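**Q** Sequence:
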Amino acid sequence: MGKIVDNEIYAQNARNCQINGDQKKQEADNAGAKIERLNAAKKILEEQLVLLNGKIDGAENLFNGPAGDMSPAGNWKGDLKNECKFHFERGITNLTDMENNYQDTLKNINGELVKLKASQIDLLGAAQSFWDQAQSWWNSIQ
31 MGKIVDNEIY
41 AQNARNCQIN
51 GDQKKQEADN
61 AGAKIERLNA
71 AKKILEEQLV
81 LLNGKIDGAE
91 NLFNGPAGDM
101 SPAGNWKGDL
111 KNECKFHFER
121 GITNLTDMEN
131 NYQDTLKNIN
141 GELVKLKASQ
151 IDLLGAAQSF
161 WDQAQSWWNS
171 IQ
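Numbering (my numbering), first residue to last: 31 to 172.
It is worth saying that the hints were derived from the structure and are not from the lab.
You may find that some hints are simply not true.
Calculated pairs, BS3-like style, for lysine-lysine (alpha carbon to alpha carbon, straight line, at most 30 Å) [unchecked claim]:
| id | residue 1 | residue 2 |
| --- | --- | --- |
| 1 | Lys137 | Lys72 |
| 2 | Lys115 | Lys85 |
| 3 | Lys72 | Lys85 |
| 4 | Lys55 | Lys137 |
| 5 | Lys145 | Lys72 |
Restraint-style ranges between C-beta atoms, simulated for each label pair [unchecked claim]:
| id | residue 1 | residue 2 | range |
| --- | --- | --- | --- |
| 6 | Glu38 | Ala63 | 35 to 43 Å |
| 7 | Leu82 | Trp168 | 53 to 61 Å |
| 8 | Asn69 | Val35 | 49 to 57 Å |
| 9 | Asp59 | Gly32 | 54 to 62 Å |
These numbers were taken from a predicted model, which means no experiment stands behind them.
Note that beta-carbon positions come from the ideal geometry of N, C-alpha and C, so glycine has one too.
Modelling step: build the complete structure from the supplied sequences, incorporating the hints.
**A** Shown next as structure tokens:
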């Protein structure tokens with residue numbers, strides 16, 4: 031009678047460990063899915079940064095290069111140039127602010143990715159530990 035009761039307890043412990051292991055595995059899978067989404071967002075953000083930097087460089091070159099001195103009509107000087115340059119500089123400032131925000135977002139994504147990857151490894155380790163314990167309980171049944 032004692033062995034039957036013990037075996038039932040061992041079997042229940044094994045089932046509980048199996049369930050806990052399965053839950054940790056599901057949490058690890060969820061972390062993996064989030065990692066995939068963050069990597070996709072990171073790729074898009076990096077592509078946008080390249081485009082944004084191109085816009086900033088193009089705007090700066092408009093006034094700092096030879097095109098900033100004269101238009102094809104020969105009248106790109108004086109007040110018109112200064113007025114346009116003022117507005118372009120404001121635009122460049124806004125674009126630079128956007129770039130800084132993108133960079134901050136990328137840093138946050140990278141930090142979150144590091145945490146999620148570490149968490150995923152820990153969760154998989156915990157799942158394996160629970161499964162090993164479940165196997166040990168099953169092996170204890172006589």
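**Q** Work down the list of hints and note, for each, if the structure agrees.
**A** Taking the hints in turn, this is what the structure says about them:
Simply put, Lys137 and Lys72 have alpha-carbon atoms about 10 Å apart, close enough for the 30 Å limit, and the pair holds. Straight-line distance between C-alpha atoms of Lys115 and Lys85 comes to about 15 Å, which keeps the hinted pair within the 30 Å bound. Under the criterion of a C-alpha separation no larger than 30 Å, the hint pairing Lys72 with Lys85 is consistent with the structure, at around 20 Å. Between the alpha carbons of Lys55 and Lys137 the distance comes to roughly 28 Å, so the proposed pair stays at or under 30 Å and holds.
Of the pairs offered as hints, the one joining Lys145 and Lys72 holds, with about 15 Å between alpha carbons and a cut-off of 30 Å not exceeded. At roughly 37 Å, the beta-carbon separation of Glu38 and Ala63 lies within the given 35 to 43 Å, and the hint holds. The hint said 53 to 61 Å for the Cβ distance between Leu82 and Trp168, and at roughly 58 Å that hint holds. With their beta carbons about 51 Å apart, Asn69 and Val35 fall inside the hinted range of 49 to 57 Å.
The hint said 54 to 62 Å for the Cβ distance between Asp59 and Gly32, and at roughly 40 Å that hint is violated.
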